[in-house]
Each structure stands twice: as structure tokens, then as C-alpha cells.
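Asks: Those protein sequences? They're chains A and B, same order as listed.
Number 51 in the working numbering belongs to position 51 of the first sequence; there are no gaps in the numbering.
Number 102 in the working numbering belongs to position 102 of the second sequence; there are no gaps in the numbering.
Hints were generated in silico from the structure; no laboratory data involved.
Any given hint might turn out to be false.
[Claimed, not checked] Lysine to any residue pairs mimicking SDA-like chemistry, simulated, CA-CA at most 20 Å apart:
1) B:K75 / B:W34
2) A:K22 / B:R26
3) A:K2 / A:N31
4) B:K83 / A:S92
5) B:K83 / A:H37
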Amino acid sequence: MKAAQQNFRFDSRLCNVTDVAKAARRLCEENAVCDAHAAAVELALVEAVNNAIEHGYQGEPGHELAVEVFLNDSAVHVTVSEQGIGMAREPSGELPPPDQVNGRGWFLIRRCMDEVSYKSERGINTVYMCRYLR
Amino acid sequence: MAIYFDVRFRGTSLRIEVLEARFDARVGDALVNWLSMTPDIGFDRVILDLDAVEFMDSSGLGAIVSFWRRFRDSKEICIAGVKPAVRDLLCITRMDYVLPISVSTQASYTGVQRQT
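Build out the structure end to end from the sequences listed, making use of the hints.
Replies: So this is what it looks like as C-alpha cells:
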């Protein structure tokens with residue numbers, strides 16, 4: 001497999017999430033990433049972008065999001081960046097009780113990806129995620 | 001206006017059929033909004049039909065939790081037509097322990113079949 005990369009910049013609207021997720025999934029499929037890995041990457045990407053829109057930008061449209069997907073023989077790397085309200089620390093990703101409506105996004109990100117990190121520097125908040133292709 | 005789900009009565013059952021392949025924040029918000037405006041009279045059983053759904057995220061799952069919380073004390077509930085990707089999500093979030101899930105859509109009209 002050759003290395004491949006695709007970058008996306010888009011407005012902070014939930015209706016844009018599907019297009020970015022489908023494009024990332026297609027990039028995986030075109031580069032022979034198996035369905036299980038591609039599905040996990042797609043779900044983690046959707047969760048990270050939803051969090052960026054809903055929490056980073058408080059659901060407001062008109063703000064920019066950047067997503068980068070890079071893959072090679074060994075892994076798929078995804079970064080999601082926004083310039084909204086950052087978090088004081090990386091969420092633990094614990095599974096909430098069954099009757100809690102929200103709060104499963106970070107759990108799913110950690111479940112889907114092998115490496116996850118969050119940083120907030122100079123006003124830019126970035127989630128980095130990596131799934132090993134083994 | 002997008003139509004995300006179809007609602008039909010059949011006997012004493014109410015079936016809510018999600019029409020979108022992606023059960024995400026857009027569809028989830030629409031379902032939660034509909035639940036908040038709908039009186040729970042005229043039916044004993046309520047079925048959430050996910051047969052068309054190929055992808056679900058935590059927002060869709062949150063909407064299912066809202067559906068479950070709304071009807072769990074007063075109605076018989078079934079989450080029907082659950083495809084593998086949705087089932088995987090319900091399993092890894094351990095919601096399969098609390099939600100009455102059926103792979104079939106037709107069986108859900110005659111009674112809840114819990115698949116384990």
C-alpha cells in the first residue's frame with residue numbers, strides 16, 4: 001500500500017460531518033484498508049468532529065474545522081483541529097450509565113483507536129487519533 | 001424539509017421507522033424533538049425500526065436512550081431491524097444488556113424477541 005493523505009477544511013455545521021466521514025472512509029477503502037478498520041476510523045472521526053462542533057464551537061456554524069487523514073501500511077492517522085473553546089484536560093472516556101443520553105463520544109473514540117491524544121496550544125485544539133493496521 | 005423517519009400505527013403498535021442510512025446527530029435530534037411533542041396514548045407497544053440504518057454514532061445512540069427512557073415504564077419496547085454495525089455499537093457501549101433488540105422487523109409486531 002502506498003501512503004495516502006487527504007485534508008478537509010469545512011464549516012462547523014453538523015450537515016458537513018457526513019461528507020467528511022464518507023470521504024475518509026472512501027480513502028481507506030481505495031487504499032485497501034479492511035472494512036473493520038475503516039468503520040472504526042469513520043466512527044472515531046465522526047465523534048471527534050461532532051465534539052468539536054458541539055463543544056468547541058457550542059453548535060455555532062460559521063467556524064472552521066480542519067481534518068487530516070493520513071494512512072500507510074501500518075496505520076491510519078487522523079487529526080481534528082478547531083479554534084473554539086478548549087478542554088482543560090483530555091476526557092477519560094469512561095462509559096456513562098445506560099440511561100445517560102450523552103457522554104459516549106470519547107469512550108467510542110478510545111475504543112475505536114489505538115492512540116488518542118488531545119492538546120490545546122496557541123488557541124488551536126487538536127485531537128490526534130491513530131488506528132494500527134494489524 | 002428532510003424526512004428522517006416514518007411513524008405508523010398498526011393495531012396497538014406504534015412503529016417509528018428511521019429512513020436514513022446514517023443515524024447521526026441530525027436524525028437523532030429530529031427523533032428527540034418528535035418524542036418531546038408526542039403523547040403516549042393509543043398504543044401498547046412501540047417499535048423503533050432501524051432496518052435502513054447502516055451507520056450510527058453516539059448521537060444516534062443518545063436518541064435511542066431518549067426513546068427507551070420515554071417509554072420503558074409504560075410500553076412494551078422493541079429496537080428492531082438492527083444491522084451488524086449498529087449491533088456492534090450497542091454491544092461495545094453495553095446497551096444490549098438493557099435494550100430489547102431484534103434483528104427482525106416483522107417479529108417485532110408480534111412480540112419482542114431479545115437476541116443475545
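Asks: Next step is simple, just say for each hint if it's right about the structure.
Replies: Here's how the hints hold up against the structure:
| no. | hint | in the structure |
| --- | --- | --- |
| 1 | B:K75 / B:W34 | holds, 17 Å |
| 2 | A:K22 / B:R26 | holds, 16 Å |
| 3 | A:K2 / A:N31 | holds, 8 Å |
| 4 | B:K83 / A:S92 | violated, 29 Å |
| 5 | B:K83 / A:H37 | holds, 18 Å |
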